[in-house]
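Visitor: So you can see what is in the structure, the chains are spelled out below.
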Amino acid sequence: MKFSIQINEGPYQHQASDTAYQFTKAALDNGHEIFRVFFYHDGVNNGTRLTTPPQDDRNIVTRWSDLAAEHELDLVLCVAAAQRRGIVDEGEMERNGKDANNIAPGFRISGLGQLIEAGIQADRLVVFGD
Amino acid sequence: MAQIKKFLYVNRKAPYGTIYAWESLEVVLIGAAFDQDVMLAFVDDGVYQIVKGADTKGIEMKNFSPTYSALGDYDVKKIYVEKESLEKRGLTVDDLLDLKWEDEDDDWAERDSIHIVSSAEMAAIMDDAEVVLSF
Amino acid sequence: MLHTVNKSPFGNDTLNSCLRMSTDGCAILLIEDGVYGATDGTSISDQVKEAMKTKSVYALKPDVDARGISTKVIDGIELIDYAGFVTLVADQKATQSWL
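Chains as they are written, first to last, in our numbering: chain A, 1172 to 1301; chain B, 50 to 184; chain C, 132 to 230.
What you were told as hints is all true, and nothing was included just to trick you.
Here are the computed lysine-lysine pairs in the PhoX-like style, where the Cα-Cα straight-line distance is at most 20 Å:
#1 A:Lys1173 with C:Lys224
#2 B:Lys62 with B:Lys111
#3 B:Lys62 with B:Lys137
#4 B:Lys54 with C:Lys224
#5 B:Lys126 with B:Lys54
#6 B:Lys101 with B:Lys127
#7 A:Lys1173 with B:Lys55
#8 B:Lys101 with B:Lys62
#9 B:Lys101 with B:Lys126
#10 B:Lys126 with B:Lys55
#11 B:Lys132 with B:Lys149
#12 C:Lys192 with C:Lys203
#13 B:Lys127 with B:Lys55
#14 C:Lys192 with A:Lys1196
#15 C:Lys192 with C:Lys180
#16 C:Lys224 with B:Lys55
#17 A:Lys1173 with B:Lys54
#18 B:Lys132 with B:Lys101
What follows is a list of derived Cβ distance ranges for each label pair:
#19 C:Ala197 with A:Gly1257: 29 to 39 Å
#20 C:Ser176 with B:Glu153: 44 to 54 Å
#21 C:Ile200 with A:Asp1200: 23 to 33 Å
#22 B:Ala169 with C:Ile175: 18 to 28 Å
#23 B:Asp177 with C:Thr218: 18 to 28 Å
#24 B:Asp104 with C:Ile200: 38 to 48 Å
#25 B:Trp157 with C:Arg198: 53 to 63 Å
#26 A:Pro1225 with C:Gly156: 37 to 47 Å
#27 B:Asp177 with C:Ala221: 14 to 24 Å
#28 C:Thr218 with A:Glu1265: 43 to 53 Å
#29 A:Tyr1183 with B:Pro115: 31 to 41 Å
#30 B:Lys101 with A:Pro1276: 44 to 54 Å
#31 B:Ala169 with A:Glu1241: 41 to 51 Å
#32 B:Asp144 with C:Asp196: 38 to 48 Å
If you only want the chain A side, here are some residues facing chain B, beta carbon under 7 Å, derived:
#33 His1212
#34 Gly1290
#35 Val1298
Treat the hints as calculated values from the structure; they're not laboratory data.
Nothing here was measured: the structure is a model prediction, and the numbers come from that model.
All residues carry an ideal CB built from backbone N, CA and C; glycine is no exception.
Only chain A is shown next, with the shape it has when bound in the complex (with noise of 0.2 Å):
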């Protein structure tokens, strides 16, 4: 069966991501296919590739790149919420003037035309969030 899974909370302030991560992986694991994994709300801070986390934790942002260059999945966050929490690839970085980019790897940066396409291609679509 294909997938999609919408998270619309940041790294470690809630579970949502979490919870997403281990879901995600264990429909792979079961030979499901993830159509999309779409980042919404401050689900958009779970791709910047600044963050330091405790060494004895897991670390949100780098399981997410790595699930996605294993299984090449398609990671993406809505352009609209990133711009407003300032997730910024080269794109975006040239397009508004800013001196910086902090997009973490296996991410990219799109509209939310792609969350509605993730809900029809798909054949079930899952929300974590708050």
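Chain A is fixed; fit chains B and C onto it per the hints.
Guide: Chains B and C in isolation, oriented as in the chain A frame:
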């Protein structure tokens, strides 16, 4: 023929205290371009999102009540509000925005988009959805 | 439909709303802080047991274990792991997350 699914947007949170109300509305607007079968549900504190008379000047936040009023233009005409959620909050349909859509099959007659439903009816509406977006 | 609830029922009305607006025959999965709703001997456990007569109630075991409440789960609530969560989502027509 593009696939048409029953999309349900569930709104349970009050406006302005958090961003969920506004950002969920943004999804609805973008989603309108995809010609899906769209329903909006307002339950619990979500009913506060469509209360009329909001004035956000003092909190210096953008007032997005007008955006709800424009939903009819985006072909969003199935808006369900749970009666118990209203009653618990001392609200009636008269406290809500007058949301309308124009029926092109009936000479563009104006129709009410808001339907006040019982808890059981809301449960059935939710159960019927194929894609549920919560915020 | 599968309903997920991730809030404790003692600080939040979400489980209440979910029980009120879910149909007979549905599945309800308690996750994250929602697993507190699966514990017995509380002010709401009778309400949960009543719901269990017509709805299937599950709790996510990793979340139950993390919170040290595995011995307090109401009899009849099935504890499932993330693979079980995936199966539930796949088996039900749609999933509604009560946030």
